[in-house]
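Student: Following the hints, complete the assembly by docking chain L onto the known chain W.
There are 2 protein chains.
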Amino acid sequence: MAGPEVEKPTGEEDRPTIVETVDEEELYGPSEELLENINAALAAGDIPVVESLIEPLHPADVADLIEHLEPEQRKLFLDITRHALEAETISHLDEALREEVVDQMAPAELAEVVTELDTDDAVDLLEDLDADTQQQVLDSLPAEDRAYLEQGLTFPEDSAGRLMQRELVAISDQWNVGETVDYLRNAEDLPDDFYDLYIVDADKKPVGSVPLSRAMRSKRDIKLTDVMDEELRLVPVDTDQEAVAYLFRQYGLVSAPVVDGDGRLIGVITVDDVVRVIDEEAEEDLLNIVGVSDTDFHAPAYKTAFLRVRWLVVTLVNTLIASFVISRFEGTIGHYPALAVLMPITAAMGGNAGVQVITVTVRALATRDITPNSNVMRLISKELAVGLMNAVVFAIILGAVGGYWFGHIGLGFVLGGAMIFNMVWAGFAGTVIPLVMDRIGLDPATGAGPFLTTTTDCLGFFAFLGLATLFLT
Amino acid sequence: MAGPEVEKPTGEEDRPTIVETVDEEELYGPSEELLENINAALAAGDIPVVESLIEPLHPADVADLIEHLEPEQRKLFLDITRHALEAETISHLDEALREEVVDQMAPAELAEVVTELDTDDAVDLLEDLDADTQQQVLDSLPAEDRAYLEQGLTFPEDSAGRLMQRELVAISDQWNVGETVDYLRNAEDLPDDFYDLYIVDADKKPVGSVPLSRAMRSKRDIKLTDVMDEELRLVPVDTDQEAVAYLFRQYGLVSAPVVDGDGRLIGVITVDDVVRVIDEEAEEDLLNIVGVSDTDFHAPAYKTAFLRVRWLVVTLVNTLIASFVISRFEGTIGHYPALAVLMPITAAMGGNAGVQVITVTVRALATRDITPNSNVMRLISKELAVGLMNAVVFAIILGAVGGYWFGHIGLGFVLGGAMIFNMVWAGFAGTVIPLVMDRIGLDPATGAGPFLTTTTDCLGFFAFLGLATLFLT
Chain W
1 MAGPEVEKPT
11 GEEDRPTIVE
21 TVDEEELYGP
31 SEELLENINA
41 ALAAGDIPVV
51 ESLIEPLHPA
61 DVADLIEHLE
71 PEQRKLFLDI
81 TRHALEAETI
91 SHLDEALREE
101 VVDQMAPAEL
111 AEVVTELDTD
121 DAVDLLEDLD
131 ADTQQQVLDS
141 LPAEDRAYLE
151 QGLTFPEDSA
161 GRLMQRELVA
171 ISDQWNVGET
181 VDYLRNAEDL
191 PDDFYDLYIV
201 DADKKPVGSV
211 PLSRAMRSKR
221 DIKLTDVMDE
231 ELRLVPVDTD
241 QEAVAYLFRQ
251 YGLVSAPVVD
261 GDGRLIGVIT
271 VDDVVRVIDE
281 EAEEDLLNIV
291 GVSDTDFHAP
301 AYKTAFLRVR
311 WLVVTLVNTL
321 IASFVISRFE
331 GTIGHYPALA
341 VLMPITAAMG
351 GNAGVQVITV
361 TVRALATRDI
371 TPNSNVMRLI
381 SKELAVGLMN
391 AVVFAIILGA
401 VGGYWFGHIG
411 LGFVLGGAMI
421 FNMVWAGFAG
431 TVIPLVMDRI
441 GLDPATGAGP
451 FLTTTTDCLG
461 FFAFLGLATL
471 FLT
Chain L
1 MAGPEVEKPT
11 GEEDRPTIVE
21 TVDEEELYGP
31 SEELLENINA
41 ALAAGDIPVV
51 ESLIEPLHPA
61 DVADLIEHLE
71 PEQRKLFLDI
81 TRHALEAETI
91 SHLDEALREE
101 VVDQMAPAEL
111 AEVVTELDTD
121 DAVDLLEDLD
131 ADTQQQVLDS
141 LPAEDRAYLE
151 QGLTFPEDSA
161 GRLMQRELVA
171 ISDQWNVGET
181 VDYLRNAEDL
191 PDDFYDLYIV
201 DADKKPVGSV
211 PLSRAMRSKR
221 DIKLTDVMDE
231 ELRLVPVDTD
241 QEAVAYLFRQ
251 YGLVSAPVVD
261 GDGRLIGVIT
271 VDDVVRVIDE
281 EAEEDLLNIV
291 GVSDTDFHAP
301 AYKTAFLRVR
311 WLVVTLVNTL
321 IASFVISRFE
331 GTIGHYPALA
341 VLMPITAAMG
351 GNAGVQVITV
361 TVRALATRDI
371 TPNSNVMRLI
381 SKELAVGLMN
391 AVVFAIILGA
401 VGGYWFGHIG
411 LGFVLGGAMI
421 FNMVWAGFAG
431 TVIPLVMDRI
441 GLDPATGAGP
451 FLTTTTDCLG
461 FFAFLGLATL
471 FLT
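Chains as they are written, first to last, in the UniProt record's numbering: chain W, 1 to 473; chain L, 1 to 473.
Just chain W, with the same shape it has in the complex:
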């Protein structure tokens, strides 16, 4: 068929009309009513009802529904719908569940799904298959698709090459608006949605871009090179996805051109994929702080337990070192057990103050508020000042409390002194540890916290018990 009529993308025209106002209360996840109806239909084995219930749903919502079903119901549901699921639904599923679904599908079915997806989503799906199935699926695809996907699999994970789709709109720098519109109306194999026209020279090298809205508002005889933006940032195919996310955020992009080593346009990254990346990176940052993996929530209990062990081992080593420090003062404590009562305070205050500093520093590194050109001395002095100010306040409060509680003014001074020492250290170490880790190529988000609390625990106990040994015994 030459010159296709442009229609709504396949699969959408059979979904009924829904112009509805968003209700915040019912926005997130499947409604209770839907879950109940689905469960009832599954229990009754009523396949047509199940199908009619999911028919009006967006693929992303079907994926959500599957994630919210109980394991037994989910199995039933998938047995019924597996071969009727839209490709996009499968691609929206949480990774663990997607594997479950895909493992049950024949290579021919998978090939069909892969064909319907954009190249970036298709590669995501392919890379989870075992080598044999992957090859079978690839073999059953048309040569061009196969070449794109095989190349896609060679790009490093988390690179621009994995985020981009190969379907793109490249317009010759010789064309005017009229020629472009005629091309767009007649071309097959264009992406479903696109937002910018990339203008390329004879070598397929991009020379500028025209937002669709501007192209649409321009008269037919205007040359595209006359209205194009000449400020165009080309993304090399091996760029890390974090850098891609930065570009989109910084410059408010909706799409960006990806080029190969010779500077030729080979793909386009669109903002919907970048939104996913930003979300994933934020989730990772958050979970890494406490040593939890991003698959933690959906993994079975034994796997979750195993994934969390590493961080608990670090905690264990940390406290054993702290215990060793305390054991050096067993004599003092035996002589004066009130010290055991008060000693956790200094460690806890230093640890928590330090974790605040670490979090701010790690976040500033991640958002590039701190760059290699930043004035590091100013950062450190600020945190030393902050640490000192709060240390003095809390030392006075706690010194008074401790002195009054045990009726011993010397004890109050020891507690206050140790507190000042430890909180100032927390301000210093909380800045310096992540900065040094970042400089020598370690990830401060995962290691800095436990490392810091080991130091604040040990120093907290050492300062408090040491001062007590010197002045109170």
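Source of the hints: derived by calculation from the structure; they are not laboratory data. Possibly wrong hints are sitting among the right ones.
Said to hold, decoys possible - Here are the simulated BS3-like pairs of lysine-lysine, each with C-alpha atoms no more than 30 Å apart in a straight line:
{"no.": "1", "chain 1": "W", "residue 1": "K223", "chain 2": "W", "residue 2": "K205"}
{"no.": "2", "chain 1": "W", "residue 1": "K219", "chain 2": "W", "residue 2": "K205"}
{"no.": "3", "chain 1": "L", "residue 1": "K219", "chain 2": "W", "residue 2": "K303"}
{"no.": "4", "chain 1": "L", "residue 1": "K382", "chain 2": "W", "residue 2": "K75"}
{"no.": "5", "chain 1": "W", "residue 1": "K219", "chain 2": "L", "residue 2": "K219"}
{"no.": "6", "chain 1": "L", "residue 1": "K219", "chain 2": "W", "residue 2": "K223"}
To be verified - Computed list of chain W residues with no C-beta within reach of chain L, every gap over 10 Å:
{"no.": "7", "residue": "Y148"}
{"no.": "8", "residue": "L153"}
{"no.": "9", "residue": "E157"}
{"no.": "10", "residue": "R162"}
{"no.": "11", "residue": "A170"}
{"no.": "12", "residue": "T239"}
{"no.": "13", "residue": "G417"}
As the list claims (entries may be wrong) - Residues from chain L that face chain W, not an exhaustive set, calculated with beta carbons under 8 Å:
{"no.": "14", "residue": "L27"}
{"no.": "15", "residue": "F194"}
{"no.": "16", "residue": "Y195"}
{"no.": "17", "residue": "L212"}
{"no.": "18", "residue": "T239"}
{"no.": "19", "residue": "D240"}
{"no.": "20", "residue": "G263"}
{"no.": "21", "residue": "D272"}
{"no.": "22", "residue": "V290"}
{"no.": "23", "residue": "T295"}
{"no.": "24", "residue": "D296"}
{"no.": "25", "residue": "L312"}
{"no.": "26", "residue": "A322"}
{"no.": "27", "residue": "D369"}
Please read these numbers as outputs of a predicted model, since none were measured by experiment. Positions of the beta carbon are idealized from the N, C-alpha and C atoms, including for glycine.
Tutor: Chain L in isolation, oriented as in the chain W frame:
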């Protein structure tokens, strides 16, 4: 001027051509070279050089540059450039710095800046002004702009009304593609960029949308209602921005229609603003965990110190409660000081295991992996199982270490027993505390952590010292 020629947006045509390949190494923030050159020019008071250095930069990069200058240089820089800064640069500045710049501008200058911005950014800027200046700026604007901005200021912060821009493209449901294109070519006051055409009925109520790419590919005589998507989610103007972000993420949107109480189209939210929201919310989630505000990094030391006090007070109360628990066992400790050496271990392991559970639960609540319809019992049992598995492993290891260290097998059993008790409690409380807080309308992201560690500290000390008192003395 009727029927404007469509050109690149104002301010862009005088920036020189930059088609350049992104270099990851030099991507983030201003380069060292640029900073050095700017500082040299500032020191020499060479205004033309400063201006020529910033001329080729994107407004977002100029804002970054300003943020990276030392305070004294920044003052010099702003004195020179304040009146020449692009509106977009000012709107990109970090909030604290933006206030600094805006405070120095006359109402007439501000009015000019406001006129150049989209309504959402203009409202952001206006709301930071004192009431007097705000009124003066508003008074000097054309009536329609003023009405939009005054209404914008009445919408709650963090609502769809604040995110939307009033400039939008509404197309009659009676038009065909040709009529639409003619309208777009001739209309003034359209937004700079738009991605979807919203089709409205005679009452201005949206009935569907057409992505620009599809409109562009359709022949002139085709009616828009024949190619429009009828699946359209209308965002009420008072919707929370978090819900808006969810919509964009879930359905891969690039723009969304905002409606008033009568369902009439009054604005459009575009994805670039949503990317900013997603980023801000992620940052808040991360910083809230440790009781740090999102202005922490750029605030002066005394302010930062003050902002962090609240969380340190919570820590203080927490440890004082724990100290009180320990004080009940002063006699036992005096009798057997080895207990003081080992007692931090149980508390630390329980606390850290619990913080892992809390983080996963809070995140799952935020991403709506847990909804009101989720099976809460299954979550709790999973965490109890995870807690028990890791508790047994670590109880055996630590029991052995403790028993061997002090040559007392009973001490090993007491340590192991207390550990199991506290880590299972951590699994239970780490799930239940955030779930209950969420149910009764408290924010689990800010309060759940400190609350949990208070319980694991107290129970950890109590279980260990209590068991020791029962079995060892």
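Student: Each hint needs a verdict: does it hold in this structure or not?
Tutor: Hints versus structure:
1. W:K223 <-> W:K205: OK: K223 of chain W and K205 of chain W at ~18 Å, within 30 Å.
2. W:K219 <-> W:K205: holds (25 Å)
3. L:K219 <-> W:K303: violated (56 Å)
4. L:K382 <-> W:K75: holds (20 Å)
5. W:K219 <-> L:K219: Holds. K219 of chain W to K219 of chain L sits at ~15 Å (cutoff 30 Å).
6. L:K219 <-> W:K223: holds (21 Å)
7. Y148: Holds, because the least Cβ-Cβ distance between Y148 of chain W and chain L comes to about 20 Å, which exceeds 10 Å.
8. L153: holds (22 Å)
9. E157: Non-interface label on E157 of chain W holds, nearest chain L Cβ at 16 Å vs cutoff 10 Å.
10. R162: holds (16 Å)
11. A170: holds (14 Å)
12. T239: violated (6 Å)
13. G417: Per Cβ check, G417 of chain W is outside 10 Å of chain L; nearest 17 Å; holds.
14. L27: holds (5 Å)
15. F194: Nearest chain W Cβ about 5 Å off; hint holds.
16. Y195: holds (6 Å)
17. L212: holds (4 Å)
18. T239: holds (6 Å)
19. D240: Hint on D240 of chain L: holds, closest Cβ of chain W at ~6 Å, below 8 Å.
20. G263: holds (7 Å)
21. D272: Result: holds, 4 Å to nearest chain W Cβ.
22. V290: Check passed: Cβ of V290 of chain L comes within 5 Å of chain W, closer than 8 Å.
23. T295: violated (11 Å)
24. D296: holds (5 Å)
25. L312: holds (6 Å)
26. A322: holds (6 Å)
27. D369: holds (6 Å)
Consistency with the previously given hints fails for numbers 3, 12, 23, ordered from lowest to highest.
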